[in-house]
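A.B. asks: Note that the protein sequences, when read in sequence, are chains X and F. Counting with this note's numbering, you get residues 1 to 384 for the letters of the first sequence. Counting with this note's numbering, you get residues 1001 to 1302 for the letters of the second sequence.
Any given hint might turn out to be false.
Heads up, simulated DMTMM-like pairs for lysine to aspartate or glutamate below, C-alpha to C-alpha not over 20 angstroms straight-line [stated by the list, open to error]:
1) X:K80 <-> X:D9
2) F:K1114 <-> X:E59
3) X:K134 <-> F:D1198
4) X:K113 <-> X:E100
5) X:K181 <-> X:D206
6) X:K80 <-> X:E60
7) X:K181 <-> X:D169
8) X:K287 <-> X:D224
9) F:K1114 <-> X:E100
10) X:K80 <-> F:E1203
11) F:K1114 <-> F:D1057
12) X:K171 <-> X:D197
Covered, in the sense of this in silico footprint (three residues per stretch, anywhere, with C-beta under 8 angstroms from a C-beta of chain F), are these stretches of chain X [what the hints assert, rightly or not]:
13) 70 to 79
14) 99 to 113
In short, the hints are calculated from the structure, not lab data. Every value quoted in this text rests on a predicted model; they were computed, and no experiment measured them. Idealized CB from N, CA, C, for every residue including glycine.
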Amino acid sequence: MEHETPAGDLRLANLTKRFGIFTAVDDLSLTIPQGSFFALLGASGCGKTTTLRMIAGLEEPTSGQVLLGDRDIAGLRPYKRPVNTVFQSYALFPHLDIHENVAFGLRRRGIRKVTDQVERMLALVQLEGYGRRKPAQLSGGQQQRVALARALINHPQVLLLDEPLGALDLKLRRQMQIELKRIQTEVGITFVHVTHDQEEAMTMADTVAVMNAGRIEQLGAPADIYEYPATAFVANFLGQSNLLAGEAAGRTGDDVPVTAHGARFSVPADRARTDQGPVFLGVRPEKLHLVGGPDEVPAGHQHVGGVVSDASYVGVSTQYLVRTAWGSELSAFAANSGVGGRLPVGTPVTAHWDPRHAFLLPRAAGEDDQTSPVLDEPPVGALS
Amino acid sequence: MSALAHVPASAGQPAPPGPPRGRNRLLPYLLLLPGAAWLLVFFVLPLLQLAAASLYDPSGSLATGYAMTGEVGNYWDALSAYWPQFARSFVYSAIALVLALLMGYPLAYAIAQKAGRWKNLLLVAVVAPMFTSFLVRTLAWKTILSDNGALVGLLRDVHLLGADGRLLATPFAVVLGLTYNFLPFLVLPLYASLERLDPRLLEAASDLYASPLRAFRRVTLPLSMPGLIAGTLLFFIPATGDYINAELLGTPNEYMIGNVIDSAFLVRLDYPQGAALSFLLMAAILAIVFVYLRKAGTEEVL
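Starting from the given sequences, assemble the full structure and let the hints guide the process.
C.D. replies: Dropping the structure here:
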């Protein structure tokens, strides 16, 4: 099948999918550049898998287009699309051995001599010598790599990965993330990776799209999204955030002054998504530093006072909850770098931050502070 | 300290090897016993008796008794006299099997994969006819196919059947009866196999350039092989030995080997010949099953 149209960007234009009255994907438009590693990140039920299945052709869009280069492939049957999928369940053919599983796509396209290609592909995923085994005789991680080889051998223009690492344990998942990234760099195919694991999305993808309720909330490079989220949903889904409810009253010079809980703060104007009305003042927990009193706050930093209400030691860091005078609990991560001791519960502290690390998000009137609970796993970038 | 040290020591001790294990070893055989005894009394012994009867001197009779003369010629005589019925049995049940597959595979597939909440109702519909007697159902077909029935009338009106054409008492009726009566035995094992078929495998096949037809050939069919093999055997074996359908829906011209064996034992009282025919039928079926299983290759299927 060398007569394919020259590869190009994958574009979704006003893609919508409704199941009865439920809108799974809502007027989605985005462009995925050729050769990039793109992650669709969202909680379950946000429409990310439905989007993927529409690209694969396993689901028919209610409206909209799926464009590969200049060609609309939305009407093509799945077996006519130059797109392959690594399924969440792997969906290996249990009656065929590994060699035949990997050769399946080539054989269906009428290619007779497959052995060399299959061997090369098994080497790429480090499964040489496993060709004669059946899928049931392989471990989860090995099956995952067979599923990858089975899709990659067809040299698709786009490879779709539907939570491919979801069934693996943590250590193997990390290993496979690095592996997948290596393979993507090696083959240069566009990867579209669907996941609910924010860390997975951030470590692997060039571009991350955060999806919520069938729409894309924010799209960009992982660091950009993390450092300057566009909505409260993104701020809390990708890592954790302390969001203080406040009111902004327009821009003053390069800053946006904010009144929150009776105190005045300010945020640089280039880190404000809005400068009028109800806002969230956001600070990431690792950007929040704890000191003994207001007199210890470095110049230029802003601060709030409170009492340590919880301290969780998680090895690389200690995660504190600080109860403020108005009752909200802020989280603050302190790296266990050996500098400074640990603060016991009940210690009065002052939490301070550099205004250049804060961000301002629009808030629906009436919404109160949002501070995410302490997670078991340290979130992405907490200590970097 | 001593208490701590004591714990593992005593923990290692319960479960001494001894009587429980000995009983466990015998348990499988004990569980086998009732079934094995049943088979011995009601299958193996009659089979041996039948084998002996097939070698009796054919000049004997029930009244005068049979002499055991090791008459191997019984087999040859039976076969040369009744080979047409033998051949007819296999031809009829083969045609019926093909028809049943054409109807039964799509049916089983639809129930297993597409029926959704109607699945159980459809399964009951497949099995429900079995709640009435085999004989009653076959007699019902006799009514449906009868010369004065609505079906024949309709077919004559649209000239699919000649003015004096008939359905009853034809090979068509017998094959139809076989197809109808044994269809559930084909559908149920097939259903069980297809029900386990993961539809995601078909999506994967489709994703890997297999058209629906090829996905069926390469994925659905091989994965339904266990059910297909079991179903065809459960259909073919009783259909080949059947005599009710030929008896009720056919004429002596449609008689199958089952009818001949039936009459040898119950009408002509020729026990040696009936026994010889029974063994010939059994041997033929065993040979066919053996070849079939070798060809279909069950080890391919997990």
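A.B. asks: Taking the hints in turn, state whether each one holds.
C.D. replies: Evaluation of the provided hints:
{"no.": "1", "hint": "X:K80 <-> X:D9", "result": "holds (18 angstroms)"}
{"no.": "2", "hint": "F:K1114 <-> X:E59", "result": "holds (17 angstroms)"}
{"no.": "3", "hint": "X:K134 <-> F:D1198", "result": "holds (17 angstroms)"}
{"no.": "4", "hint": "X:K113 <-> X:E100", "result": "holds (12 angstroms)"}
{"no.": "5", "hint": "X:K181 <-> X:D206", "result": "holds (10 angstroms)"}
{"no.": "6", "hint": "X:K80 <-> X:E60", "result": "holds (14 angstroms)"}
{"no.": "7", "hint": "X:K181 <-> X:D169", "result": "holds (18 angstroms)"}
{"no.": "8", "hint": "X:K287 <-> X:D224", "result": "holds (16 angstroms)"}
{"no.": "9", "hint": "F:K1114 <-> X:E100", "result": "violated (28 angstroms)"}
{"no.": "10", "hint": "X:K80 <-> F:E1203", "result": "holds (13 angstroms)"}
{"no.": "11", "hint": "F:K1114 <-> F:D1057", "result": "violated (60 angstroms)"}
{"no.": "12", "hint": "X:K171 <-> X:D197", "result": "holds (14 angstroms)"}
{"no.": "13", "hint": "70 to 79", "result": "holds (count 3)"}
{"no.": "14", "hint": "99 to 113", "result": "holds (count 4)"}
Checked against the numbered hints given earlier, this structure breaks hints 9, 11; the rest are met.
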